[in-house]
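Participant: With chain A's structure known, arrange chain B on it following the hints.
There are 2 protein chains.
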Amino acid sequence: MPTAEILNIGTELVLGETVNTNATFLARHLSRAGFQVRRITVVGDIPQEIQAAAREALARSQVLVVTGGLGPTVDDPTRAALAQAVGRPLEFRDDAWEEIVARVRARGREPTENARRMAYLPRGAQALPNSVGVAPGFVVETEDRRVLVALPGVPGEMEAMFLGHGLPYLRRRFGLQTETLRTRVLVVEGVPEAWIDEKLGDLEKRENPFLGLSCSPGRVHLRLRARGQTPQEAETLLDQLEAEIRQRLPWPVRREDETEKV
Amino acid sequence: MPTAEILNIGTELVLGETVNTNATFLARHLSRAGFQVRRITVVGDIPQEIQAAAREALARSQVLVVTGGLGPTVDDPTRAALAQAVGRPLEFRDDAWEEIVARVRARGREPTENARRMAYLPRGAQALPNSVGVAPGFVVETEDRRVLVALPGVPGEMEAMFLGHGLPYLRRRFGLQTETLRTRVLVVEGVPEAWIDEKLGDLEKRENPFLGLSCSPGRVHLRLRARGQTPQEAETLLDQLEAEIRQRLPWPVRREDETEKV
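Read top to bottom, the protein sequences are chains A and B. Under the numbering used here, the first residue of the first sequence is numbered 1, with each subsequent residue one higher. Under the numbering used here, the first residue of the second sequence is numbered 1, with each subsequent residue one higher.
So here's chain A without its partners, still in its complex pose (with noise of 0.2 Å):
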């Protein structure tokens, strides 16, 4: 399985001040497809910092998604210090301007001398076109292949430039059109999450399919995940899985979707 990193740029981020759902959104696309996410970081717009993890991330896995800092103003030193990472000059782009020109003037605005730091990419980048906003992402290949996808850092423009560029170039490269992740959570209520592990503790070293237990109060969640060629295949292994856990566990088990999701 082709292993992936996630990198947070945000000074807001190592504040606390904003919740890390950038994170979320990218590790569940990247699991699903197919991806290994060994590792989120989260930085803070700092370029040495920015720049070592980069470095880090990309020594250590095949793919390396980053978000945020791409935006004009002066505390987004993201470009750089990302080009710098993986040993590339920073060009400016024709295609890219022209790009950026086109967001800005369908605003009905005209773009501002600052507007040009984000027609500038990585030698050798490809630009991601931005749907939502203006600053454009990019994907750029080190000498070695590892591949580093560069997103916004605003939710919406992250998430459809990742669908709609990121994920298909990521899919393609990696050959990973076909395997699917599929997951199921059971609950069981009042018993505590000890005496469950005592019933399941084989059943949670197997890899495929992969059972794991987490609790919140008064309920132990019991979260399935099955990996297969087809989503019919993924569905049989949960099946067999949750077939096997009734069958051991004494006590009432049901499906979280059943009422939570109502």
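Please keep in mind that the hints were generated in silico from the structure rather than gathered at the bench.
Derived list of chain A stretches under chain B, where covered just means 3 residues or more per stretch with a C-beta under 8 Å from a C-beta of chain B:
#, region
1, 16-29
2, 34-45
3, 194-203
4, 217-224
Residues of chain B placed beyond 12 Å of chain A at every Cβ, according to the derived structure:
#, residue
5, A80
6, G87
7, P89
8, R93
9, A127
10, E143
11, R172
12, Q177
13, G190
14, R206
15, P231
16, Q240
17, E244
18, P252
Glycine included, every Cβ here is placed at the ideal spot set by N, Cα and C.
Facilitator: What follows is chain B alone, placed relative to chain A:
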């Protein structure tokens, strides 16, 4: 300004099944207390990944606060990985075990065999009591005086342990202005959480005093927390909040310690 990092451990996080609100909570409180949060890292329940991420963070920053993986189940490998990261063996601790047994018995149960896992702490660690759940946390310092604080992953347990024990430890250790936290738990029996939430929703949005709801079968716990420059100031805030709650709720409200601790 002393530097700090956060490491959140959980496969549900790297799969994007859960939003990492623990990181936001810790980042906010560490920042407010005077720490510079340099980085937040998330890894799955994989011993090598946990160990590597903890080592790297402790090499970069003075404080590392870890959440997750302290429970008794086999998919909770955090304890051993952190002990390795700080270069200390795990030791069975009688004081931690007594606390665990007391917490389990207070719920009218007997500890299972695998609960003993939770009483193993790195040599030299100070156990942090868990006032909400069962698994203790701990603080341990490395040879070069870096501080590791390990907390449970369940948000209610993590928050109470961090505000009640972890943060006061860090403030003392780094000579940051001391502030007192006081907590109080009120219990309402036989009323759905949603009804209570409807009456108290606006109080739950306040920062200080803070009100959080949690539930166990048949009862709702109202967890009150207040900070002040003195214990008296914090107690006064709690008294005011409790009076407000009693005025709004048409059901009997009692303090948890009136019965539970007798």
